[in-house]
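Number of protein chains: 4
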Amino acid sequence: MLKVGIYGASGYTGQELLRLLVGHPDTDVVALTSRKFRDIPVSEVYPAFAGITDLEFADSFPKNLISSCEVVFLALPHGEAMKVAPEFVAAGIKVIDLSADFRLRDVSVYEEWYTGHTSPDLVCKAVYGLPELYRDDLKGANFVANPGCYPTGIILGLAPLLSEGCIDTSSIIADSKSGVSGSGRELQLGSLFCEVNEGFRAYKIASHRHTPEIEQELGRIADTAIKVSFAPHLAPVDRGILNTIYADLHSDMSETELLDIYEKFYGDEKFVRICKPGTLPNISSVRGSNNCDIGIAVDGRTGRVIVVSAIDNLVKGASGQAVQNMNLMCGLPEDAGLNHISLFP
Amino acid sequence: MLKVGIYGASGYTGQELLRLLVGHPDTDVVALTSRKFRDIPVSEVYPAFAGITDLEFADSFPKNLISSCEVVFLALPHGEAMKVAPEFVAAGIKVIDLSADFRLRDVSVYEEWYTGHTSPDLVCKAVYGLPELYRDDLKGANFVANPGCYPTGIILGLAPLLSEGCIDTSSIIADSKSGVSGSGRELQLGSLFCEVNEGFRAYKIASHRHTPEIEQELGRIADTAIKVSFAPHLAPVDRGILNTIYADLHSDMSETELLDIYEKFYGDEKFVRICKPGTLPNISSVRGSNNCDIGIAVDGRTGRVIVVSAIDNLVKGASGQAVQNMNLMCGLPEDAGLNHISLFP
Amino acid sequence: MLKVGIYGASGYTGQELLRLLVGHPDTDVVALTSRKFRDIPVSEVYPAFAGITDLEFADSFPKNLISSCEVVFLALPHGEAMKVAPEFVAAGIKVIDLSADFRLRDVSVYEEWYTGHTSPDLVCKAVYGLPELYRDDLKGANFVANPGCYPTGIILGLAPLLSEGCIDTSSIIADSKSGVSGSGRELQLGSLFCEVNEGFRAYKIASHRHTPEIEQELGRIADTAIKVSFAPHLAPVDRGILNTIYADLHSDMSETELLDIYEKFYGDEKFVRICKPGTLPNISSVRGSNNCDIGIAVDGRTGRVIVVSAIDNLVKGASGQAVQNMNLMCGLPEDAGLNHISLFP
Amino acid sequence: MLKVGIYGASGYTGQELLRLLVGHPDTDVVALTSRKFRDIPVSEVYPAFAGITDLEFADSFPKNLISSCEVVFLALPHGEAMKVAPEFVAAGIKVIDLSADFRLRDVSVYEEWYTGHTSPDLVCKAVYGLPELYRDDLKGANFVANPGCYPTGIILGLAPLLSEGCIDTSSIIADSKSGVSGSGRELQLGSLFCEVNEGFRAYKIASHRHTPEIEQELGRIADTAIKVSFAPHLAPVDRGILNTIYADLHSDMSETELLDIYEKFYGDEKFVRICKPGTLPNISSVRGSNNCDIGIAVDGRTGRVIVVSAIDNLVKGASGQAVQNMNLMCGLPEDAGLNHISLFP
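Chains as they are written, first to last, in the numbering used here: chain A, 9 to 353; chain B, 9 to 353; chain C, 9 to 353; chain D, 9 to 353.
One or more of the hints may lead you astray.
Unchecked claim - Okay, the calculated bits of chain B under chain C, using three or more residues with CB under 8 angstroms as the criterion: (1) 27–34; (2) 55–66; (3) 291–301.
The hints are simulated quantities; they were obtained by calculation from the structure and are not laboratory data. Quick reminder that beta carbons are idealized off the backbone N, C-alpha and C, glycines included.
So here's chain A without its partners, still in its complex pose (with noise of 0.2 angstroms):
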């Protein structure tokens, strides 16, 4: 058994993480830190555990971890993980970063769109946490940074078009819609449910920090610096993303064509569905589950096409790609401890 700790594990990303890894095959939590809820279990916090696990939250000092941790998660807000990676790096243990630390490979840019970076040295090192595009370099890799939940579903939606050039890279927009529980569990007034509920708003628009990792990944795919326009969008629901994705096509090419590449393309991936012809996804059959759903549909009057992909935040989009990359790391089987079946309804 594999012998894993969070880091900062009384957010809602971090109890996801507890939910896949107390029903993974493979794996041991030892210790979970949370600064605000030390020393109280984790059922009191969290009463979905009741009955399921003991376990308390630690204070946060890392050296409790470092001798009795494999792999350890870091679900810690951006700024925060990149002081306490480095230590765990060091000591051998194997780190998945779910901060955006480490995404943007290009320090500048990071330093540009959030806070000045204080390991720098360390970005190379980060393996980018997308197996479907970067599989081999995952695979016994000691450090990574889990993509961001909108970025998650939006590569995954472009990708096989950006790879076989059927799109005018200047004419992507990404127009996208997330659940609340993206916005973590902090206490703030646009996270009330009367503020939420029965409303819909946009927010951020060109101006949201997923948007250079967004750039960053498309543009290594096509091979050329890439700008989109990113819209996020709060949706009155608990969980899921669903991205629609606008895009010129070079040429006529027909929903089937199309449908095609996106088969080939993903060919065998265990946790990406594209959807037949005339049907497009919804958030609430991935609810749940790591998958991602990919359905598309051609605009042949304006010659555009338009992709719709849907994610659960939570697994997909966060602690479920983190578990998938830690098998990965491990040589564990990839979908090990992730073959949940979405909860519908």
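Use these hints to put chains B, C and D onto chain A, whose structure you have.
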């Protein structure tokens, strides 16, 4: 008091008309029809009306209404309204048709997207009922085609930019999110609570019937043929449409410059509210009101403007706009009976 | 026009008062206070008010208001209202207090359930603001304690049965379900969207502070001390309280006989609607209105009557009832500014 | 691997059975029937199953199944199951009936509340499938009547108190709140999103068909005839039932004493979790799991105990309990395939 009737009054649009007209200071609702609920009191079908009105749904045969009404609202499915409208118009009753039957000026376009038209001669007599664009034509008009819910918010969102020639007319993409009441009260699997709740999906991308209506009106403003990519989505809320609209700017323009254009274009419009710089609309701020809120963001990195508009699909997107049209047609103050403050939360 | 002020206007109750008073034909809102949002326009805190009012929140110091208001609504937390009320009352301004501070006639009971009382002398001067029971006292009154949200629906639900002596007063159980706006706009974990949505729970069973208020009023109607079991629940909706109330009948009575008692008791009451036999209330039929809907069922097998009452907690359960009280205190028509038809769906 | 079939598999209960059985380590689902969706792949009717199973719904004629199944689940409406069950039972196939047809031991009671019974002889052969009460009978049983969703949570909530004789058996009131999936996937007005969302209502008070089932089982535990007042409500959530149960205590007992009784009664039960003192269940903590969470409060002022129990109506209230029964009937570990941690948020 103006005597008014609602033809096909048992759907959500019909009952919303009733809510507005019962509260209107200058109207007296004398007749409601519904084949399905004939002879049943409204308050049994919609308990919200208990103690408010004793009206019963009448048989749908129009003769009964003709003698007693000065204005008739047609809240029927497309294809049905065209059968009923001619008789009312011929009888000199003012008609406001909430269906799509008389919105498209080119009958062949209607027949391409909908069905065969049985009253093509009447099409040219209908005024398109968007008061912010056609106020002069609506004053004293006898026959009005009330706009669709999606077109209302999209046209109002783009009119200033097209009027001023700021954007590339081939670049328009409208990503719209609608509440479930837009699907009506019919029994269909996709409208069940468990199918919609905690879900989010796109539907009829690049094939929704509101597309030609949007294009017709945008084209008239721009004085050139326009094609748009239109992607509607279903959001798990009762009411509201949020449109996120993307277009390429012809030249660098700041948010301030663009907002100025909007402020000037809409001037003292009673029901259009321009959001302050840095803020964007939320459907929860227009719920139950006849307002259309509009906000914009400039994506300087890609040269695009992103317009966000929000309406209540049952009010400004249907019944409220119909009452606004009635007011203009009958010489009443344009906002009579429409001064509802949004219900929040 | 009556000059009115709202003291502590930035919560959901305060903004609902504003919605009602701005739409009221006989009132002019001259002052709003909020410590938190001082000098900020209401429309920035609640965008629904954009274009409706230019009012800003003022500093909370009462001196500013005293000269300009004829009526002041106190929408403050309990414990705060008692500090502010005396000055307004002394200045001859009519005061409607929406807190619990002056609802309990026995100060020792207040102090047992709440906190020490700093204005005990004023308690006996407050009229309990439930118009259906205390209309005569409210006409011309200067100081009114507006009822709690739960007590309003429970008292109205049981008054006819207690007045007629139909039920065993020791058998009363009230199982209540409230929307989340009842918890206010404060930042607390239990009010976050993801904590409430798709959840349902009881809280403060047998210990909620509304219990003594319910008992006080039921006891006055029955002319005997009454103890009830009261169990509130949190429902994932914005607005509304549904109370399901159980009591043992003294003798066999049919639903029809009982409904007759209700019809007679409430007669022409404008805001109480008795459901037809076989039908029961739904909070969605009172949303946004000042109505209290009441339905009953008889459980002949166990000899119990089950009363179900529904209100909008922010309207009849708080701000609407406060306006109804203001109307009575100031000699206005009791329903002035309160003729909203419920917003459905 | 155990070969299992689901008869009537296209409803929410049927697809939930499929979710659990596909993930079960010891079962192989060989047949699904649905008249409505005959020859259609499950993944078209429920996209969550795309990539998970290639199964199609078969014609409903039982002959096809008889040879290939060792266990059959009947997920049919009441009245239908009784027609199908005899053939399977006669063929030596283990049958778990999720309908009400074989739950009531007294056929005359069944016929009073439901309809005429066509297989009365089979009634006495059915074991009532509540493992916590009938485990020994279920081990090796061939025919099991799976309990109703409401009875499951109410019986588990009261069993310890009745077993110990703590409460007045004539005083029991159960106020239950159910998610919408309990109404099934049929097209009915009351299940539409806009009719349910932002609403809350009671239905079938004192007349719901689960009443005699609740009374039968409570009576057996108490060894005396019991009548209860049962009031179900519809809550705007997908899944979950919260029962709030009231009863008069025979004598003063503290929360601690009562919780001791619960802890002893349920001992090591895998799927019953007793809440810590001062805490109460939330349906969101059992969503997707087979757990029943139980909490209690004592109302010392009125001498009542209030029990709150929470289950997922589709899991412990239907399909999960059916799998638990299958495990017992077939000698598998009782929790095989049922170790799902609740999905939160």
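Check each numbered hint against the structure and report the violated ones by number, ascending. Violated: none.
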